[in-house]
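Each chain, letter by letter, is given below.
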Amino acid sequence: MKNRIKEMRKQNKVTQDELANAVDVTRQTIISLENGKYNASLKLAHSLARFFGVKIEDLFIFEEE
Amino acid sequence: MDYKNKIRTRLFTAVIYVFAGAAVVLAQYLGFLKNDLLFSFGAMLAAIGIMKTVKYARIIKNPDKMHSREVAETDERNVEIALKARSLAFIIYIFAAGLTVMGFLILGRVNAQINVLAYSVCFLVFVYWICYLVIQRRS
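If you read the protein sequences in the order shown, they are chains R and F.
Start counting the first sequence at 1; every next residue gets the next number (the numbering used here).
Start counting the second sequence at 1; every next residue gets the next number (the numbering used here).
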């Protein structure tokens with residue numbers, strides 16, 4: 001699943017560390033999310049969307065196979 | 001349970017390890033026990049207890065360190081990695097032990113150790129099945 005986390009993070013001028021602290025995950029998790037190597041749980045997706053002030057579907061792009 | 005209380009529980013457990021290990025070492029030293037293996041185990045238990053006691057005491061004194069530990073332990077990706085690693089280790093053990101037992105059976109060299117290995121494989125698979133049923137019912 002693709003996401004716009006890196007794009008939103010840079011738009012809001014937030015570091016990976018700051019984002020990780022804000023949503024209570026490790027920086028490695030943020031890196032994995034941005035690289036598309038890890039899919040966030042619903043709870044984490046909601047936390048990230050709330051942090052950026054957007055909807056989950058605006059942050060995560062679900063592509064049908 | 002609050003994370004600070006979890007660390008306190010772990011600290012308490014570590015202190016018990018220290019006393020248990022020290023008791024075994026003392027029993028050996030005073031002549032109540034005459035088992036070198038048990039003495040080594042007691043010394044190891046005491047050493048691990050001391051290291052963990054120091055570790056958890058330092059964590060409790062440092063709120064920033066406690067918070068970063070809590071995040072690292074509860075991070076969903078870390079939890080997922082640990083679960084996957086545990087699952088893979090279980091599968092590898094079952095295959096490796098099973099193949100070892102079969103190999104010794106084919107060679108006709110069955111002894112007590114091979115029996116224990118075979119029983120451990122059966123026991124693990126049985127426990128896995130029970131855990132699966134329990135977790136399936138709860139979720």
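Check the hints yourself; a few may be wrong.
According to the in silico footprint, chain F covers these stretches of chain R (three or more CB under 8 Å from chain F) [claimed, not checked]:
{"hint": "1", "stretch": "22-30"}
{"hint": "2", "stretch": "35-46"}
Label pairs and their in silico Cβ distance ranges [unchecked claim]:
{"hint": "3", "chain 1": "F", "residue 1": "Ile16", "chain 2": "R", "residue 2": "Gly36", "range": "43 to 49 Å"}
{"hint": "4", "chain 1": "R", "residue 1": "Arg50", "chain 2": "F", "residue 2": "Ile130", "range": "35 to 41 Å"}
{"hint": "5", "chain 1": "F", "residue 1": "Met51", "chain 2": "R", "residue 2": "Glu7", "range": "43 to 49 Å"}
{"hint": "6", "chain 1": "F", "residue 1": "Ala20", "chain 2": "R", "residue 2": "Lys10", "range": "52 to 58 Å"}
{"hint": "7", "chain 1": "F", "residue 1": "Glu76", "chain 2": "R", "residue 2": "Asp58", "range": "43 to 49 Å"}
{"hint": "8", "chain 1": "F", "residue 1": "Phe12", "chain 2": "R", "residue 2": "Thr15", "range": "36 to 42 Å"}
{"hint": "9", "chain 1": "F", "residue 1": "Ala96", "chain 2": "R", "residue 2": "Glu57", "range": "29 to 35 Å"}
What the hints contain is simulated information worked out from the structure, not anything from laboratory work.
From the three backbone atoms N, C-alpha and C, an ideal C-beta is built for every residue, glycine too.
Hints that the structure is at odds with (numbers, increasing):
Going through the list in order, the structure violates hints 7 and 9 and respects the others.
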